[in-house]
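A.B. asks: Listed here are the chains, written in short residue letters.
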Amino acid sequence: MNTAHFAELLDRRGPALARWPEADRAAAAGLLAASAEARARLEAALALDTRLRRDLAQPDPAAVARLQAGIARQIARAPLPDRPGPLPRLLALLRPAAPAGWGALAAMACCALWLGLAPPRAAPEDPFGPLQTLPLAGDAF
Amino acid sequence: MPMLLALPFPWALPRLAPGARPAPRPMTDPASSDAALMALAGNGDRAAFNLLVGRHGERALRVALRILGDAAEAEEVAQEAFLRAWQAAASFDPARARFTTWLHRIVVNLAIDRTRRRAGAPSTGLEAAAELADAAPGPEADAAAAEARAALAVALGALPPRQRAAIALAYEEELSGAEAAAALEVSERALEGLLRRARQFLRSRLEGS
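Protein chains in written order, with our numbering: chain D, 1 to 141; chain A, 1 to 209.
Derived contacts from chain D toward chain A, CB cut-off under 10 Å, selection only:
1) Arg12
2) Gly14
3) Leu48
4) Val64
5) Arg66
Where chain A lies over chain D, by a calculated footprint (3+ residues, C-beta under 8 Å):
6) 50-63
7) 72-78
Hints in this document: simulated from the structure, not taken from any laboratory.
Note that the structure is a prediction, hence the values are computed from the model and not measured.
In this text, a Cβ means the ideal position worked out from N, Cα and C, and glycines have one as well.
The shape of chain D in the complex, shown without the other chains (with noise of 0.2 Å):
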């Protein structure tokens, strides 16, 4: 890790490298001992960090409790939570087989499109059909 690096890591992750992976902060520890313009620039992160989290806007507690009773006061007002529609309820219901794949969803949906769209069959099909042109001993053709 060079300096520059190290830099571009500070901006992107912030200056608590405790929470950095394990790799980095490695690599950091040993960058840090031995260069002084990488612990230039960790000292002015840590400056700004310590600046965003004192100075940051803090709501007053005076809005937050008008926020509450606003909300309670128009929630008493409100109509219903809107009742979710069929396609959701249905994608809920099919989520479980989610993790089987799309493919496992499309092979369901066109089992039941082809059951649901086959023609039924005009006459019930006699099992023993075939059986019955068999010769038997015995007959007199």
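Since the structure of chain D is provided, determine the placement of chain A on it from the hints.
C.D. replies: Chain A alone, transformed into the frame defined by chain D:
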């Protein structure tokens, strides 16, 4: 036969004495998880939703305030976000996202939309900064602290809205990087990119102030 006995035949139902009032509905348990409270809210339980507002209202307001830089607008946005959450409570699916991530996504989207709509208007970041600076006259230390806050507010006001939202979410305690990225609807790497540009800009603007 025991199963038949368990069926709700009218003669098997408990009868109330004349004049007796039915037992009150059980109170919503304040210790319930967010997902459980949302499930109740989805069935129309307003008390359960109000518990969620009490639990997460301050955080939603803080994120909106840090993106918008204006207290009144932040209150409006936070309120609108909770009302949308109420309307959509029945379709909330805890298997897909945590309630806080979902709520933050609504807040962030509303706040960024509002920031973009007022893009032509004068910078409210500067106005907020001026208010902060004026709000703390008095001892020298207080004045210096107010000046520092004002400088930060001006610098934040000059950031693009998505970078400001990235900063607001990254400095929100209890929110992991993955949740912050999900609230902004970007990958964790893209969130790091936004934070990198924001920090570089802020450092250059705040040098010496």
